[in-house]
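S.K.: Based on the hints, put chain B in the right spot on chain A.
Sequences listed follow chains A and B, in order.
So the working numbering is basically just the index in the first sequence, starting at one, shifted up by 481.
So the working numbering is basically just the index in the second sequence, starting at one, shifted up by 481.
The set of hints was computed from the structure by calculation and includes no laboratory data.
Just so you know, these numbers come straight off a predicted model, no measurement behind them.
Treat the hints loosely; a few may be bogus.
Which copy is meant is left open, because identical chains are indistinguishable; a pair holds if it fits in one copy or across any two.
[Said to hold, decoys possible] Simulated pairs of lysine-lysine, DSS-like, Cα-Cα distance not exceeding 30 Å:
| no. | residue 1 | residue 2 |
| --- | --- | --- |
| 1 | K799 | K751 |
| 2 | K492 | K768 |
| 3 | K886 | K635 |
| 4 | K818 | K705 |
| 5 | K720 | K838 |
| 6 | K705 | K754 |
| 7 | K768 | K486 |
Protein chains: 2
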Amino acid sequence: MKLMKVTDPEKVLELITEHFSALHSESLPLEKAGGRCLSDKIEVPEDVPGFDRSTVDGYAVAARDTFGSSEGVPAMLECVGEVLMGQSAPPIKNGQCCLVHTGGMLPKSADAVVMMEDTDLTDNMIQCFRQIAPGENVIHRGEDLKKGDTTLFKGHRLRAPEIGMLASLGITTVNVHRPPLIGFFSSGDELVDYNTAVLQPGQIRDSNAPALQYLAEQNGASVKYGGILPDRFETFFEKSRALLDETDLLVFSGGSSVGSRDYTALTMQKLGKPGMLVEGISIQPGKPTLLANCGGKPVLGLPGHPVSALNIFAIFGKAIIDRLTGWNRPGYDPTVKAVLSRNIPSRSGRTDYVRIKLEKTIDELKAVPVFGRSGMLRTLSEANGLLIVPSANEGLNAGETVEVKIWE
Amino acid sequence: MKLMKVTDPEKVLELITEHFSALHSESLPLEKAGGRCLSDKIEVPEDVPGFDRSTVDGYAVAARDTFGSSEGVPAMLECVGEVLMGQSAPPIKNGQCCLVHTGGMLPKSADAVVMMEDTDLTDNMIQCFRQIAPGENVIHRGEDLKKGDTTLFKGHRLRAPEIGMLASLGITTVNVHRPPLIGFFSSGDELVDYNTAVLQPGQIRDSNAPALQYLAEQNGASVKYGGILPDRFETFFEKSRALLDETDLLVFSGGSSVGSRDYTALTMQKLGKPGMLVEGISIQPGKPTLLANCGGKPVLGLPGHPVSALNIFAIFGKAIIDRLTGWNRPGYDPTVKAVLSRNIPSRSGRTDYVRIKLEKTIDELKAVPVFGRSGMLRTLSEANGLLIVPSANEGLNAGETVEVKIWE
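Chain A extracted, bound-state conformation:
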């Protein structure tokens, strides 16, 4: 029996970075670009704010007019008007001031704002009870964003803060990388469409198709479903070649039979150069995973068991999608701390992904492993997190504090 050649998970992620690159870019209206990655850097086209603004409600003054003033000896300033929001400020002269609201524009020759509560108004004269420094309570023109600076770089992913920042600059279209269209096949003669109401003996529904489609969509990709491939090589290969031509990434969700796996591997070898990169991954669940580079396009062969397929796609499928969308992925893995409820044995030399159900007790958060075979989706839907046991580790003990990755 041929032994499977396995690759470390970290090495697989490196191969993905090395072999594939961002898809071409397109121009999108800003309000459609959330989640996308910039294909060009962005230079600031104008100063933000475009004028000196007050950060408080108060009176715009020339700071020097307040020097020396105090509770006992207030400065007296003539109030000559009000800055209306969204309008130019009227000018002031020496010894004058002007009512200004938070966000309002400073008059020319004013350089600070004295807060309302530090003043007293009688008729059109204010008493100013403290001295303030030039620039106090003012955000200066260009202080947030300076014209000509580079504010975002190629590969930056647009979240809400970036959308807001670009909107404040009047940038209404952006150049971003296109997200991948994934060609998706299931295979195996035992599979039938998941919409099949009544199963014949020996049949099971193709549950990976809708599950993986949702996972792909959650990560910004879209899916073109190619159907269920029969265990016959010619059809398998021809249909795969046709779908790969139309898409950016091909994914096979293998049947569990030997036939499907063999045809998947053979097809991946023949679809283009350089061909197979990974014939197995030292990970559990999900070891029998295939990855190829077929003429520059990634082709991923998932294990047939649903839990393995989802686990692999959530790690490596996501990494491929991130790569194709041009994301300079920082690769942080946020976790929640919890206390392990029982021992977890693990085999050294393999990274284990243990399904975890988090349970709140009065004084702690418990990490309860959900055991079960990798064919059982119930075990994954009962779990709300994963505990990653690194390959160097030979197991974990009950009572240890562990870090659980949440799967929402």
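M.R.: Relative to the frame of chain A, chain B by itself:
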């Protein structure tokens, strides 16, 4: 000057749970239901798998026929055929076996599968080199999901594993809660549409509208934008009442002027009973936040500064959306550990959200605070995480290991 009455962030979250509930339910095709929450429990309509299946490639046998066999004294069994994938298995008799592939159906009267590598085939006879127990290498009918059991409960959010599980059961439509439609207004005379190419003196673009819209969409809601409200109470109130009628939740992104804040508060009081719940939150940035219950619908008044508005919406806006979509939110907050690069002062009695830029050095991950006024979106787009300093804490020291919440 009137002091702002502030509420603790935890209390605000409790008020949201207490005052609002899930929107009505709708029936959706499974492939459109990802991310939605069930409005009914789900009972298993049929056993999964629907038949005893092999988990390996091998020969289906009656286990008792292998009892006593070993390397030296193998059992001899007649191979009477092959189980074709997706088809009924042919029957076997005493002393017979049948070739079966992973996932294939067990013949009647077979109760275990001996792995291929533990056998040797000559003509139509196999030698079986070890004895196996009944049930070995078999997943039994109903072992994953048993007919009649409740598998998912009301309020469970559908992720990829649940979509897969339901698909395996042949469940093609599900009853889920409707996601909220958010009515969104900006206000303040200094604001102009963010598509405005050239600003007049004193104007700024309404950057909160597209930023908050994306944040709402990321959390499964959709947004109906009502435009920029002028600082005139009658218009403010009438337009708000009309939009609240059409939507499930109203959000005001306040201008920074006193006028907008006053009109927002007054409108929230008049839109319905019981009215105002929160007049300020002990949080930084984002203290001047308003929350009301207007006839059962939530109305949220965000602070005008963009960073504050995003921070508040990411915490409390998201909590409201989760509540309306019927999510039994577990409330875990996954974090990444990093070493603080400098001291962070904090005021006791207030929860501080400090913007953090994570920087990888050779031997550690550094958490570098990004300081800047809350009007500055640049500070938020430079940050990839938030460090939450609880209200009881009076600050953190450089070199401490802290837990950073990642904002992707």
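S.K.: If a hint holds in the structure, say so; if it doesn't, say that too.
M.R.: Now the hints, each set against the structure:
1. Only within a single protomer do K799 and K751 lie at most 30 Å apart by alpha-carbon distance; the minimum there is 24 Å, versus 48 Å between protomers.
2. In this assembly of identical chains, the alpha carbons of K492 and K768 lie at most 30 Å apart only when taken from the same copy (14 Å versus 47 Å across copies).
3. Both within a single protomer and between protomers do K886 and K635 lie at most 30 Å apart by alpha-carbon distance, with minima of 29 Å and 24 Å respectively.
4. Proximity of K818 and K705 under a CA criterion of 30 Å is satisfied in neither setting, with 38 Å inside one chain copy and 39 Å between copies.
5. In this assembly of identical chains, K720 and K838 lie within 30 Å of each other by CA distance neither inside one copy nor across copies; the values are 40 Å within and 47 Å between.
6. Proximity of K705 and K754 under a CA criterion of 30 Å is satisfied intra-copy only: 23 Å inside one chain copy versus 49 Å between copies.
7. In this assembly of identical chains, the alpha carbons of K768 and K486 lie at most 30 Å apart only when taken from the same copy (10 Å versus 57 Å across copies).
The structure fails hints 4, 5 (numbered hints given earlier, in ascending order).
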